[in-house]
Amino acid sequence: MNATISFDSVLHVVLALVGVAVFVGLNGLLLVYAERKVAGFIQRRPGPYEVGPQGILQAVADALKLIGKQLVRPDRADPLLFWMAPVLAFFPVLLLFLPIPFSPLLTGWDVNLGLLLILAFAGFNVLALLLAGWGSNNKYGLLGAARAVAQSVAYEIPLLLAVLAIAFQEGTLSLSAIVGGQGGMPWQWNIAVQPLAFLIFFVSALGETNRAPFDLPEAESELTAGFHTEYSGMGFGMFFLAEYANMIVACSVCTVLFLGGWKGPFLDGAWWFLAKVYGLLLSMMWFRWTYPRVRFDQLLNLNWRWLLPLGVLNLLATAFVMKL
Amino acid sequence: MASIFRTIADLWSLVVGLGITGKEFCKPGVTVHYPRAEVTPEAAASFRGPIELIGLDKDPAKPKCIACMLCVSACPSNCITVTRAPTPKPTPEELKAMAEAEARGEKPKKPAPPKAPGTWAYDFSLCSLCGSCVEACPVDSIGFSHDIYMVGTKREDFVFDQLARLARKAAARKPEPKPAAKAAPEAATAPAAPVAAPSEPGTATPASEA
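Sequences listed follow chains X and A, in order. Taking my numbering, the leading residue of the first sequence gets 1, the next gets one more, and so forth. Taking my numbering, the leading residue of the second sequence gets 1, the next gets one more, and so forth.
Here chain X stands alone, though its shape is the one from the complex (with noise of 0.2 Å):
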């Protein structure tokens, strides 16, 4: 990395970041309305209708609620605690945004330490979840926050042991370098050498992101709403809003990895990217109405036993061949 740091680079980053924020605010809504319209075919209902065209305006008008209701704090929580969590979930999500490559032009910041960025920064949504649920003063709230930390603690290192296993093969920690060592067709793809890799990252990947069927911070059923049953208007907003922003960061990560990023077979460029991206995130979903939220012990189950051991043995069978 450069150590002089010039006011283009600054005002770059600047500018990348705004473009994130825009890029998230868009994606929020067209997810929400996508996640709305998925549940409704899956259970063949027609999902939002009303609102717009094939309700396409529901996710706008939904967010237009939000930003317009009062902002309301329980009368014994931890009014600093309270309001960061929010924030502190929200904001650094974008900052992750900033070393993913979009395109060989398109990339926010391409900083050769990108996976450590990402992976570092990551973290934050665990705090911000943990201070939510504390800050809040309710036993549901608390509840959600610590699943939250047990769960998240525990999926960030078999992530780590998928990424590592990449970041191994490919001898860097640059995002555009992995895209680099990977060829257009689908079997150049880092995938189909890597294929329990990419396993173990998606699963990781979606405990991380606290979706079904690991959404057990927020199981309705059990915990109200866990960690944001207190937040109404913008501050349940904004941890709606950086719960999807995680999942686009989790499955462009996963598409830098795994799926060979901006290339494609032909034309490579921005399109081939989203296009993966956007398919991640559609099978998300279809996870989300498709498997029952699993219990917390099968869960932490599932990483300790299972995903963890992969991990390592496929980590060290990475390093067995790279050896050779």
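No lab work stands behind these hints, which were simulated from the structure alone. There could be a bad hint or two in this list.
Distance condition first, Cα-Cα at most 27 Å in a straight line; then the derived DSSO-like pairs of lysine-lysine [claimed, not checked]:
#1 A:LYS64 x A:LYS89
#2 A:LYS27 x X:LYS37
#3 X:LYS69 x X:LYS139
#4 A:LYS23 x X:LYS37
#5 A:LYS109 x A:LYS89
All values derive from a computational prediction rather than experimental measurement.
Position chain A relative to chain X; hints supplied.
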């Protein structure tokens, strides 16, 4: 070791689950956009409306009910009131036969009460649509109606005389006697226009009568 392989083999069930939801995703929706689209009888068939009596196959105006009172005791909300049909007065011939039997020192054969309900009142305002009566009925004389348009403005609108309702329904289904009755809406609160469809709430038996 075997359990490990079994777990891995069981992963296939995840794919099966995805296949099921994926197939459902591709099928057209079943929701009826009600005010804009008409609810088809097939769509309404799954609707569990207020219970109704089911008529005999031969005579749809008469219920299959044998007045056994099982539904009355099965109902957790006491919304069903059934009374037996009165025992018919013996005809002069029967009276004569009875008197003769008594004269011979035999036990006179009295006419038995008919196995049919005299009144069959149902208070929908108490009903929770649990279906216990439907399950309890030994002759399958109770079923859920599929009337999705039922409305009422008074509490009395929801106390139904099911016998009258059944008779009216049978009359409405029969095209011959009264063509006007065919068009009579099935809703219990419908204005009592045709002769074959007397206004139900008025003729309903109050629950207290029994």
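A quick look at each hint next to the structure:
no.	hint	result
1	A:LYS64 x A:LYS89	holds (23 Å)
2	A:LYS27 x X:LYS37	holds (14 Å)
3	X:LYS69 x X:LYS139	holds (24 Å)
4	A:LYS23 x X:LYS37	holds (15 Å)
5	A:LYS109 x A:LYS89	holds (13 Å)
Of the numbered hints stated above, none is contradicted by the structure.
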